[in-house]
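K.L.:
All chains, full assembly: derive it from the sequences and hints.
2 protein chains.
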Amino acid sequence: MAKAKQKRRAGRSRPRIPETIQRRLASVREVMAKRGLDGLLITARTDQYHLTGFNGEDGMTLISPRQVYLLSDFRFEEAAKQEAPWATFVKRKKSVADELAKSARRCGMDRIGYMPDRITVASLDGLRKVLRPVGTKLVRTADVTAKLRVTKDAKELETIRHAIRIAEEAFLAVRRSIRIGQTEQDLASRLNYEMGRRGASGPSFPIVVAEGPNSALPHAEPGKRVVRPGSAVLFDWGARWEGYRSDLTRVLFIGKIPVRFRRLYEIVLEAQQRAIRAVRAGRSAREIDGIARSHIANCGYGKEFGHALGHGLGLDIHETPSLSSRNPAPLESGMVVTIEPGIYVPGLGGVRIEDDLLVTDIGCEVLSTLPTDLGWALVDK
Amino acid sequence: MAKAKQKRRAGRSRPRIPETIQRRLASVREVMAKRGLDGLLITARTDQYHLTGFNGEDGMTLISPRQVYLLSDFRFEEAAKQEAPWATFVKRKKSVADELAKSARRCGMDRIGYMPDRITVASLDGLRKVLRPVGTKLVRTADVTAKLRVTKDAKELETIRHAIRIAEEAFLAVRRSIRIGQTEQDLASRLNYEMGRRGASGPSFPIVVAEGPNSALPHAEPGKRVVRPGSAVLFDWGARWEGYRSDLTRVLFIGKIPVRFRRLYEIVLEAQQRAIRAVRAGRSAREIDGIARSHIANCGYGKEFGHALGHGLGLDIHETPSLSSRNPAPLESGMVVTIEPGIYVPGLGGVRIEDDLLVTDIGCEVLSTLPTDLGWALVDK
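Residue numbers (numbering that gives the first Met the number 0), protein chains in the order written: chain A, 0 to 380; chain B, 0 to 380.
By construction, these hints were calculated from the structure, which means they are not laboratory data. Just to be clear, a hint being listed does not mean it is correct.
Any copy, or any two copies together, can satisfy a pair, since identical chains are not distinguished.
Only pairs whose alpha carbons sit at most 30 Å apart, straight line, appear in this in silico DSS-like list of lysine-lysine [said to hold, decoys possible]:
id	residue 1	residue 2
1	Lys101	Lys80
2	Lys33	Lys101
3	Lys80	Lys154
4	Lys302	Lys90
5	Lys223	Lys80
6	Lys223	Lys101
7	Lys33	Lys128
8	Lys154	Lys128
It should be emphasised that the depicted structure is a prediction, and the values quoted were computed from it without experimental measurement.
P.N.:
Below you can see the structure in the form of structure tokens.
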């Protein structure tokens, strides 16, 4: 005992754990203590990044009451040292599962929690097989990290704001340079490029650029359709920055606004503004969805708005909460959500307007700043 | 009976199923028959695309002995009609699981197979819950689609070739325009943009551009390091086209080749060429890995080559087979694999050279065409 202590004192002191990470680990360890776990397995890469700052792939993280083990391979050893020097990097030899079993045995762990929505059946079976001989039980432990990530702290908010800024500035550059004859693919590449130039590590998701009738597909892939005089072009895009994502949608009209699109646009914009005005901590997700949905339905397009009003946003593009008619949960202060009503008319096209906002106790702060008025949406060419 | 037949004749005739898809479905149904399944659940998006051509997210596909059901939501209805008009689109109301239960009951399915490496524990539990009351059993059925995808048919090969061509042409454009002062991020954005312009629907994976010592991190994220006279810059990139992916790595030297890099480069190149010469259907993956690995080890860098030699490539960036020391399986004619030895020296940097090739009965065809000689790697600036 004394010897071990001395050894610890004599050893190199471990680098300090950043305060944000400390706070998050403390929350996780509280849950572990409550559920009688001496280990928690982190199998989703975004959870791992959130809890440790380490961004390696193809591994997993094991949290014990006193330590954090990053189980990964050769390729990420250097990165782990830079991103989480305070954690213990375990380089896998045979397999990550084997290293997990070794660490569990070394620490004398009896019960390790896993999150059922973050692990495949095959992976869990594989882990069970190596942990059984060691005497360690794997315990279903739902939603630990999802709950931790549902509201954002100041640092996360700042990062998301920056991801939004990158996306917006890139879009403004594309809007300025849009010209007749460009394909949807050209525009998507350009937007991607402009985001990259501004520091994005990539798009938040495959960029949607949909001209004319293509915009009736809410998740259209950019193709060969070209911008023409009178085109309506829908953009759904976002930037990833330091792991966090932004998510925006705008429609631009080239030279003129087709009559039927003008009507759709006005309905969708009004629905969005009503929903935004209604957002506040304590109100249910389904209530906010209903406010946008009933306006669109009253205008005769209820069936043409077939998706949820919005979703949580952060390290993943779709996080808790879903702003849908099926989610009775109340919004919480500190959530970042999208509000994105849409109307899609097959053959004609679709309109969707999407902003990102922060839920607060007294309402919300709209984090995105691009205009939504029809005058701005009209681009003279 | 007669009535039903008549009805079928009178109804609109279903669009024809493309021949490739027919062949793949037939293989899957053979496995189903062998294992006594009256349904197979496809829960991976790339499997779904491979078996149906439908590219929708957030749903699943149910294959019965006679039908294919695409269970998805509103957002993908139009896309499903275009991409797989011969299949039955089932728009989810409450949840995809509910629609699955309804379809299973309607078809009187007793046993539906699922693939354990393609579904999370939580999803499987959710499906079990809705299928139990209907009397349908979920049966573990490993590797059906992975086996089907391990060798590529003519159409797939043509698509991969095109994905390689896009990546190569884009790289040549970046190589021509590379200049002192550009950051890793600038170069990654540019490469991404040049691929997009050539029709890529996106990069195969987040592009790696790593200058100098950064290249010692096999999976470096492009950052703020700049190209300088005497820089070594490692690029690992690929294009996604029509769902398929290419994957290449090259190192460029700016103005001159640092002495130590020259040596690393020559060793890696020789290791790669030896491995490529050895590839042939029937040889084991581990044998090929060993050929490159022993050359590098003999040159004194065994510990600095810590990853597998290569991997299968297709709809996913990492597919079966892994060309690693742990895989005794023989290569098969029609596999597309990467060969990518590397040496990474912390503090100095790394060299990796990667090509994509097709395994054949008499050897292999190197599908990628970018030069690998040091003369070409040297860029005058």
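K.L.:
Measure nothing new, just compare the shortest in-copy and cross-copy C-alpha distances for Lys101 and Lys80 to 30 Å and report within, between, both or neither.
P.N.:
within (21 Å within a copy, 51 Å between copies)
K.L.:
Please sort Lys223 with Lys101 into within, between, both or neither, judging by C-alpha distance up to 30 Å.
P.N.:
For Lys223 and Lys101, the Cα distance exceeds 30 Å both inside one copy (54 Å) and across copies (38 Å).
K.L.:
Within a copy, between copies, both or neither: which one fits Lys223 and Lys80 at a CA-CA cutoff of 30 Å?
P.N.:
between (45 Å within a copy, 19 Å between copies)
K.L.:
At most 30 Å between CA atoms: does that hold for Lys154 and Lys128 within a copy, between copies, both, or neither?
P.N.:
Cα proximity of Lys154 and Lys128: none, with 40 Å in one copy and 40 Å across.
K.L.:
Within, between, both or neither: how does the pair Lys302, Lys90 come out at a Cα-Cα threshold of 30 Å?
P.N.:
between (53 Å within a copy, 13 Å between copies)
K.L.:
Within, between, both or neither: how does the pair Lys33, Lys101 come out at a Cα-Cα threshold of 30 Å?
P.N.:
within (25 Å within a copy, 39 Å between copies)
K.L.:
I want to check one pair: Lys33 and Lys128. Are their C-alpha atoms no more than 30 Å apart within a copy, between two copies, both, or neither?
P.N.:
both (26 Å within a copy, 27 Å between copies)
K.L.:
I want to check one pair: Lys80 and Lys154. Are their C-alpha atoms no more than 30 Å apart within a copy, between two copies, both, or neither?
P.N.:
Within one copy only: 22 Å inside a chain, 44 Å across chains, cut-off 30 Å.
Of the hints listed earlier, those the structure fails to meet are numbers 6, 8, in rising order.
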